[in-house]
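K.L.:
As a plain string of letters, each chain reads:
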Amino acid sequence: SQELEQSPQSLIVQEGKNLTINCTSSKTLYGLYWYKQKYGEGLIFLMMLQKGGEEKSHEKITAKLDEKKQQSSLHITASQPSHAGIYLCGADGNTDKLIFGTGTRLQVFP
Amino acid sequence: DTGVSQNPRHKITKRGQNVTFRCDPISEHNRLYWYRQTLGQGPEFLTYFQNEAQLEKSRLLSDRFSAERPKGSFSTLEIQRTEQGDSAMYLCASSLDGGFYGYTFGSGTRLTVV
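Protein chains in written order, with the numbering used here: chain A, 5 to 114; chain B, 638 to 751.
Just chain A, with the same shape it has in the complex (with noise of 0.2 angstroms):
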């Protein structure tokens, strides 16, 4: 079964400064999703990305998709306080489910 892993498990950043969470899989992507989870709440979804190289933004976030489709990547630049929360990729493979990361705890200091 397709195994997630995410780095770091926390990070704790000062307001502004860039950031980036690692996010591999132990086998081929097909669709890779990022989440993000406040305390207690939801998930929101940020981005899908399914094609190798493929990389997408949404205001200070981007993510991107190795060209070998194993490990994606979410970078935040400028971080601010409301970046705070857990990130979560998931995949869903050859599978019609999704399996999950054990998420990055992000912490942003004013």
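Simulated from the structure, these hints should not be mistaken for laboratory data. Be careful, since some hints might not be right.
Unchecked claim - List of simulated lysine-lysine pairs, DSS-like, C-alpha gap at most 27 angstroms: (1) A:K40 x B:K648; (2) A:K40 x B:K694; (3) A:K42 x B:K648; (4) A:K60 x A:K42; (5) A:K31 x B:K694; (6) A:K68 x A:K31; (7) A:K72 x A:K42; (8) A:K60 x A:K72; (9) A:K40 x A:K21; (10) A:K68 x A:K55.
Said to hold, decoys possible - Computed beta-carbon distance windows for the label pairs: (11) B:F737 x A:K64: 24 to 32 angstroms; (12) B:E689 x A:I48: 24 to 32 angstroms; (13) B:R652 x A:A82: 42 to 50 angstroms; (14) B:F737 x A:G57: 36 to 44 angstroms; (15) A:Q13 x B:F737: 29 to 37 angstroms; (16) B:L733 x A:V17: 33 to 41 angstroms; (17) A:K21 x B:P645: 37 to 45 angstroms; (18) B:S710 x A:Q74: 34 to 42 angstroms; (19) A:S86 x B:Q717: 37 to 45 angstroms; (20) B:T749 x A:S86: 22 to 30 angstroms; (21) A:Q74 x B:G709: 31 to 39 angstroms; (22) B:S699 x A:E7: 36 to 44 angstroms; (23) B:S703 x A:K72: 23 to 31 angstroms; (24) B:L733 x A:G56: 21 to 29 angstroms.
Bear in mind the structure is a predicted one, so any value in this text is a computation, not a measurement. Glycine residues also receive a C-beta, built at the ideal position from the N, C-alpha and C atoms.
With the hints as your guide, set chain B onto chain A.
P.N.:
Coordinates of chain B only, in the frame set by chain A:
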């Protein structure tokens, strides 16, 4: 459409009691998923439906858990004889024919078993 709706948001129950959660998906979505999330972990897949048919169940879904989607619209997840280990966030998601158009999650139901 207001997205995926889950009720209740919070539930506190005594060990041994039965609980039921409800999920209302996005109306045009034919697939509905249930996940469980414990503190510090990513969501774990429990089961999913395509219309009213339950197509897959995880080994995590013990005999005490049952899910239904009787008319292919809303779904319920029931836990019988709750145990403290059942305390978690239960998340519902829906999609249209898999993930091509993405998966939309609800706000979850937080269960605390005391």
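K.L.:
With 24 to 32 angstroms as the target window, see if F737 of chain B and K64 of chain A comply at their CB atoms.
P.N.:
Given about 27 angstroms between the Cβ atoms, the range holds.
K.L.:
Tell me if the straight-line CA distance from K68 of chain A to K55 of chain A falls inside 27 angstroms.
P.N.:
holds (10 angstroms)
K.L.:
Just to be careful, I want the Cα atoms of K42 of chain A and K648 of chain B compared with a cutoff of 27 angstroms; is the pair within it?
P.N.:
holds (19 angstroms)
K.L.:
Check the hint pairing K60 of chain A with K72 of chain A against an upper bound of 27 angstroms on the C-alpha distance.
P.N.:
holds (17 angstroms)
K.L.:
Holds or violated: the 24 to 32 angstroms window for the beta-carbon distance between E689 of chain B and I48 of chain A?
P.N.:
holds (28 angstroms)
K.L.:
Could you say whether the range 21 to 29 angstroms given as a hint is met by the Cβ separation of L733 of chain B and G56 of chain A?
P.N.:
Taking Cβ atoms as reference, L733 of chain B and G56 of chain A lie about 24 angstroms apart, which means the hint holds.
K.L.:
Take a quick look at whether K40 of chain A and K648 of chain B sit within 27 angstroms of each other, Cα to Cα.
P.N.:
holds (23 angstroms)
K.L.:
For the pair supplied as a hint, K68 of chain A and K31 of chain A, confirm whether the alpha-carbon distance does not exceed 27 angstroms.
P.N.:
Status holds; Cα separation ~17 angstroms.
K.L.:
Keeping to a limit of 27 angstroms between CA atoms, is the pair of K31 of chain A and K694 of chain B held or broken?
P.N.:
holds (22 angstroms)
K.L.:
Regarding F737 of chain B and G57 of chain A, is the given constraint of 36 to 44 angstroms on their beta-carbon distance met?
P.N.:
violated (19 angstroms)
K.L.:
Compare the distance between the alpha carbons of K40 of chain A and K21 of chain A with 27 angstroms, and conclude whether the hinted pair is satisfied.
P.N.:
holds (19 angstroms)
K.L.:
Evaluate the given range 31 to 39 angstroms for the C-beta pair formed by Q74 of chain A and G709 of chain B.
P.N.:
holds (36 angstroms)
In this structure, the hints that do not hold are numbers 7, 14, 22 and 23, in rising order.
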